[in-house]
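What follows is each chain in one-letter form.
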Amino acid sequence: MTDDQADGRSGAVSRRNVLAAGGTALALSIAGCANNEGSSDNGSGDEGLGGGGGNGDSDLSGEVIVTGSSTVFPISDQMAQNFMEENPDVNVTVDSTGSGGGFENHFCPGNSDINGASRPIKEEESASCEENGVEPVEFQVAGDALTMAVSPDNDWVDSMTYDQMAQIWQEGGAETWADVNSDWPDEEFELFGPDDTSGTFDWFTENVVGEAGNHRSDYEPTEDDNIIVEGLENNEYSIGYFGFAYYQENQDRVKALAVAESEGDEPVEPSLEAAQAGDYPMARPLFIYPSGNSLSEKEQVYAFTEYYLDNSDESFIGEEIGYVPSNSEQVDENLSTLEEYQ
Amino acid sequence: MASDATDVGKWFGDAGSIDRTTGRLFKWGCLGATALALFLMLVFLLYVFNDAFAPLSADPGWLLTFTGTVLLPMLGLGAYYYRRDPAAGRVAYTALGLPIVMGLFAGGVWLLFRHVAPPRMWFGFVVALAIVVALVRAHERIRPNATDERTVLLVGGTILALVGVPGLFPSLRNLVLSAPALPTVTVMFLLTFALPIATLAGWYVRKGRESTRAGTIALAVVLVAAGLGLVIGPVAGVLPATWVIAVSPVVGALVMYVDRVLRQGEGTSGFAFPVVVVAGILAGTAIADLADFAGPETWLNRDFLTGVHSTTAVEAGIYPALVGSVLILIVIVVSAFPVGIAAAVYLEEYAPSGGKLGRFIELIEINIANLAGVPSVVYGVLGLAIFINLLNMGVGTAVVAGFTVGLLILPIVIISTQEAIRSVPDSRRNASYAMGATKWQTVRNVVLPESMAGIFTGTILALGRAIGETAPLLMIGVPAVVRVSPESFFSRTGAMPRQILTWSTQIETDFRYGVLAAGVVTLLVVLLTMNATAIVLRNRYQQSR
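Same order as they appear, the protein sequences are chains A and B.
Following our numbering, the numbering of the first sequence begins with 31 at its first residue and continues without gaps.
Following our numbering, the numbering of the second sequence begins with 73 at its first residue and continues without gaps.
Any given hint could be a false lead.
Said to hold, decoys possible - List of simulated lysine to any residue pairs, SDA-like, C-alpha gap at most 20 Å:
#, chain 1, residue 1, chain 2, residue 2
1, A, 328, B, 466
2, A, 285, B, 367
3, B, 279, B, 357
Claimed, not checked - Quick look at which bits of chain B chain A covers, simulated, 3 or more residues with Cβ under 8 Å:
#, segment
4, 552-562
5, 580-588
Stated by the list, open to error - A short, non-exhaustive set of chain A residues, derived as facing chain B with CB atoms under 7 Å:
#, residue
6, 114
7, 124
8, 279
Just so you know, these hints were derived from the structure itself, not from any lab.
Note that the structure is predicted; figures quoted are calculated from it, not measured.
Each residue gets a CB set at the ideal place from its N, CA and C atoms; glycine is no exception.
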């Protein structure tokens, strides 16, 4: 600390100092803004600090904003990675917001270019997009085999029909295993499933239980499918459902059930082949919805979408991610739809 | 207080002995709580570090080698300091920690130079400012009494130097950059980064030793160490400019610290500690290389820090998210701290305590205290509504993220600053008034310096909270995956906690254990560095009192 005398002296010139400091700070902040504007055109690639980048063979640049379903996220993420290897100047950001959350908060207000969805877009979502002048263009990019799984300790059930699953999952449904089938133990279920914001939840409720919204609420809802896997692994009387990719990764930790649509049908084990061939009843389509305006106005969005659709029949979708790749007719159909927006 | 009539007038000692059981139970209970908290933290840290570094994946020989060359000497030396020479122990830990902290600081500065202020821009900036300072100094010599004139010169000169007059006169900064020959980037950094640090070290040493020669030597040491990059850089595979940025703060801080310890002449044997550690690491590496021992397959390695997110766990990195977090932190520091500290100063020093306005102020203070407890996701919604939907500042940009998280920690900054100001005894203020000082002089010369230690501690701890916040970032649309580092404060950015959350929901287990742990450790290291800085600053201000 300075002594009192010095304090008195510095007090005498303090106002000027403060004025000067304030003025300097103002100038600095203005300069800071000016700098940022200036830096956007010459980029960060100034010499010296290894900030190179941006010398790919294509001249595309700009941003592609992908939001939407967490189920579609792994495909979009992989596509973004592969696309950016060829087009390093395009910044594809991928977010997982849930199908509905993406439409409502990001895509329809016009803040994102592409929304992934694990179910078709709903009418009210279309209407909300239309209000903002956003036109969602539907492309089916892959398929998923929704998997109903139980604990590996469960030795009384190997397959189920739609009707039995509906009994378990509908509102006011069965309480114990014996309620569904008298041969099964008289023990209460432990139920694990996706959250009601998820497209998986919507698809399952509408197609298997048979009625939108008719899904019991006394289960363990989660947005993180790993929690479902853990729940199934640790509870003998548990049952839950999730996308096939999680089953593929955790085959030794949970037991998947074969599914039959009605009593007389032959139950089918969930697998990508069965889903692709159309034998597995709980196979569901996965979509992306680019915005029509983005496609026609932003070159990089068109290019990324084209790349996405063109590669949606690649084998990595099945082998590395765990979804059903599109077949070649699907790809051709998608690409011809896309051409209308060029 | 219904005490029995018989108890009245009795003394505790009447019973013959005082019962200490309750007191003892209380003491042991408190000890148990502390031990439990520490133990749980330790288990958590060990768990995360084990996942991040996977030490057991190394060869037993490798582990043995490094136990022998690094761990045992460290423990031995530590035990010696603890028993024989506590002063040297303090020196030892500081001398080991200082370069690490300064190195991390240099890393942050490097990120800024690479992404926010490119070398040329920085060079023009510093040179232009230096010219203005030189002009003001010259004016001070020629017309020492024209202070108003000088103020005008300083403010006007700064504006002219950095902004210029749009359309009429280009800024001095751009004039400098349009010079026919500019030095190379390395020389730019030597002049505008290493030289100021060296000057600071030299000034410090000169002041401490009252010897210009010693000061010059210190200055030269720092400059030479930084300049060595021109020679060593290419050999070691580092860009010379990177070397300059990394080495000058570390050496500068070390020179100042070593000089101070040598001057005080206490605990100098502590300097052996970092030397032993570095030598041990070098020896261990050499032995492991010779004997062909494989090191652990750590998740947290150089590739992780410099890489971008990948769908393959082994290749995943955190770099763009790290840059994003640094940018967001800068926005927070620039926006929330001045506002928060100013508000606290007003509330504590100027706000009336009585009357209608006084009651209103009280209401505000209660609200601030309550706001500090509002869940962070609420601030996220607020940020989405105000900054994105109302002001249209862009989804997921560093500015929006910084403002939103800044709002979140604003009440914490205000409250901790208020506490710090309140802890300055009134007698100091009254003494200042008695000397004839005005209110403003009292605040500036007595209250603020006195409470600075507390303000630093509180605000930096608030920053620590800010860097880990995830929920607000989710709400304002900071994307789960960004593969390109943000180019400015106005472009879409990633952030470390958001990236870590993404990894936690990946399907592959390697992401949820290895990569996630590496990300958590990176975040922890940044956080601990900030907390360490808070402690150092606090100690410094407490000592200088």
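Hints and how they fare:
{"no.": "1", "hint": "328(A) <-> 466(B)", "in the structure": "holds (17 Å)"}
{"no.": "2", "hint": "285(A) <-> 367(B)", "in the structure": "violated (38 Å)"}
{"no.": "3", "hint": "279(B) <-> 357(B)", "in the structure": "violated (41 Å)"}
{"no.": "4", "hint": "552-562", "in the structure": "holds (count 10)"}
{"no.": "5", "hint": "580-588", "in the structure": "holds (count 3)"}
{"no.": "6", "hint": "114", "in the structure": "holds (6 Å)"}
{"no.": "7", "hint": "124", "in the structure": "holds (5 Å)"}
{"no.": "8", "hint": "279", "in the structure": "holds (5 Å)"}
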